[in-house]
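If you want the building blocks of each chain, they are given just below.
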Amino acid sequence: MEILSQTWHWSISGFLIGVVMLLLLYFGKTFGMSSNLRSLCAMTGIGKKVSFFDWDWKSQRWNLVVVAGAMIGGLIAVQFLHDASKVSINPKTIEQLSLMGIDEPNGKLVPSSIFENLSPKMIFILIVGGILIGFGSRYAGGCTSGHAISGLSNLQIPSLKAVVGFFIGGLIMAHFLLPLIF
Amino acid sequence: MNLVKYLVVGILFGIVLTKTEAVSWYRIYEMFHFQSFHMYGIIGTAIATGLVGIQVIKRKKLNDIDGMPIEILDKEKGNARYWIGGILFGLGWALVGACPGPIFILLGAGFYNVTFVLLGAVLGTFLYGLIKDRLPH
Chain A
21 MEILSQTWHW SISGFLIGVV MLLLLYFGKT FGMSSNLRSL CAMTGIGKKV
71 SFFDWDWKSQ RWNLVVVAGA MIGGLIAVQF LHDASKVSIN PKTIEQLSLM
121 GIDEPNGKLV PSSIFENLSP KMIFILIVGG ILIGFGSRYA GGCTSGHAIS
171 GLSNLQIPSL KAVVGFFIGG LIMAHFLLPL IF
Chain B
5 MNLVKYLVVG ILFGIVLTKT EAVSWYRIYE MFHFQSFHMY GIIGTAIATG
55 LVGIQVIKRK KLNDIDGMPI EILDKEKGNA RYWIGGILFG LGWALVGACP
105 GPIFILLGAG FYNVTFVLLG AVLGTFLYGL IKDRLPH
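Chains A and B supply the protein sequences, listed in that same order.
At the far end of the first sequence sits residue 202, using my numbering, and the numbering has no gaps.
At the far end of the second sequence sits residue 141, using my numbering, and the numbering has no gaps.
These aren't lab readings, by the way, just hints derived from the structure by calculation.
Since we're looking at a predicted model, the values are computed, not measured.
Worth double-checking, as some hints may not be accurate.
[Said to hold, decoys possible] The calculated lysine to any residue pairs, modelled on SDA-like cross-linking and capped at a C-alpha distance of 20 Å, are:
1) A/LYS49 with B/LEU11
2) B/LYS9 with A/ALA88
3) B/LYS9 with A/THR64
4) A/LYS49 with B/LYS9
5) B/LYS62 with B/MET72
6) A/LYS49 with B/ILE74
7) A/LYS68 with B/LYS62
8) A/LYS128 with A/LEU191
9) A/LYS49 with B/GLU75
10) A/LYS49 with B/LYS136
11) A/LYS141 with B/GLU75
12) B/LYS136 with A/TRP75
13) B/LYS136 with A/THR64
14) A/LYS49 with B/ILE69
15) B/LYS81 with A/GLN176
16) B/LYS62 with A/TYR46
17) A/LYS106 with B/GLY45
18) A/LYS49 with B/ILE61
19) A/LYS141 with B/LEU123
20) B/LYS9 with A/LYS141
21) A/LYS49 with B/VAL56
22) A/LYS49 with B/PRO73
23) A/LYS49 with B/LEU127
[Said to hold, decoys possible] Not the full set, but computed from the structure, chain A residues with beta-carbon under 10 Å of chain B:
24) GLY94
25) VAL98
26) LEU119
27) ILE177
Cβ coordinates follow ideal geometry from the N, Cα and C atoms, glycine included.
Throw the hints in and build the complete structure from the sequences for me.
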C-alpha cells in the first residue's frame, strides 16, 4: 500500500497518461478534456441561439463518462490512497509562496488560502481563471490533454504553437501577475 | 454503446493525476518557476509513450475495438488561434493551477471551491462560441 499512497513517480504517471490516450484511440476516440466544456454548454440547449453549440453533444457522451470516472478517480485517490505527508515541493518554492501569503502544502494538494477561502476577491480570481481556461482552450482548440499530450505525440505543429502559448501565458502569470494579485 | 470502459479509463486518469500531484496548484506554480523536474517528467513521459504508441498504430495500421482503422486527425492549420488562445489558456492555468481535466478531478476529490473555476470555464467556453466568428483564427 505504501507504494500506492506515496507520490507517484513522474515516469510511472507519465506512462499511464500516455496509456490513457492510447486506450481512447483504441476505442475509436480522442483524448481531450476541454471538449466536455463545450458539451456542458450544448446540453443547455443554447445551440438554438449560438451556432457553435448546435452540435451533437450526445455523440460526445463517452467523454462525459470519462470525466465522471476522473471525478471518481480523484475521490478514490484522496480517500483511500492518500498519504498526508506528501506534495513535497521545492523549499525555495515554499519560501516564495509565503512572501505572497500563500500557505505551504503540508500534505494538502491545493493552498487553503486560495481554495478554502470564500472571500469575494478569491471567488472572483477563481472565476476569472476559469474564464481564461475555458475561452483559451476552445479558441486554441484544445488544452493540455488535447494539444500537449495528444497533439505533440502525433507531431502536430499547431499543437506545438498552442503549447508554447500555454507556457508564455503561464510564465507571465507565475512570474509577473501572481505577485501583483496575491 | 458500452460506456463502462470509458468510466474505467476515467477512473485510472483521475487516480494517476491525483497521486502524481499533477492536480496540485503547487506543482503547477513550481513548474512555471522551473523549480522541479516533476511536471516536465510527467508531460515528457506521456508524450514519449504516446509517440511510440501512435507510430505503432500508424505503421501496423492497427484497428480499433470495433475493427475500424484507427484514424488520427491532423490539427487544423492556423496561427492566431493557437498563439492567442494558448496564451490566454496559460494565464488561467497558472492562476488557478488546474487545466480542464484536473478541474473535474479536484471537484470529485472534494475541493468544492473549484466549482467557481468550472463555472468560469463553462462561461469562457460560451463566450468563445458567442464571438468566435469575429476572432482571427
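Here is how each hint holds up against the structure:
1. A/LYS49 with B/LEU11: This hinted pair holds, its Cα atoms lying about 14 Å apart.
2. B/LYS9 with A/ALA88: 12 Å, holds
3. B/LYS9 with A/THR64: 26 Å, violated
4. A/LYS49 with B/LYS9: 12 Å, holds
5. B/LYS62 with B/MET72: 13 Å, holds
6. A/LYS49 with B/ILE74: 9 Å, holds
7. A/LYS68 with B/LYS62: 39 Å, violated
8. A/LYS128 with A/LEU191: Since the Cα atoms of A/LYS128 and A/LEU191 sit roughly 24 Å apart, the hinted pair is violated (cutoff 20 Å).
9. A/LYS49 with B/GLU75: With a Cα-Cα distance of about 9 Å, the restraint between A/LYS49 and B/GLU75 holds, given a limit of 20 Å.
10. A/LYS49 with B/LYS136: The given pair, whose Cα atoms are some 25 Å apart, is violated under the 20 Å limit.
11. A/LYS141 with B/GLU75: 46 Å, violated
12. B/LYS136 with A/TRP75: 15 Å, holds
13. B/LYS136 with A/THR64: It holds: about 19 Å lies between the C-alpha atoms, which stays within 20 Å.
14. A/LYS49 with B/ILE69: 10 Å, holds
15. B/LYS81 with A/GLN176: 10 Å, holds
16. B/LYS62 with A/TYR46: 12 Å, holds
17. A/LYS106 with B/GLY45: 18 Å, holds
18. A/LYS49 with B/ILE61: Within the cut-off at roughly 14 Å; holds.
19. A/LYS141 with B/LEU123: 16 Å, holds
20. B/LYS9 with A/LYS141: Cα-Cα ~41 Å, so violated.
21. A/LYS49 with B/VAL56: 18 Å, holds
22. A/LYS49 with B/PRO73: 12 Å, holds
23. A/LYS49 with B/LEU127: 26 Å, violated
24. GLY94: At about 4 Å, which falls below the 10 Å cut-off, the nearest Cβ of chain B leaves the hint on A/GLY94 intact, so it holds.
25. VAL98: Check passed: Cβ of A/VAL98 comes within 4 Å of chain B, closer than 10 Å.
26. LEU119: This interface hint is violated because 13 Å lies over the 10 Å limit.
27. ILE177: Result: holds, 8 Å to nearest chain B Cβ.
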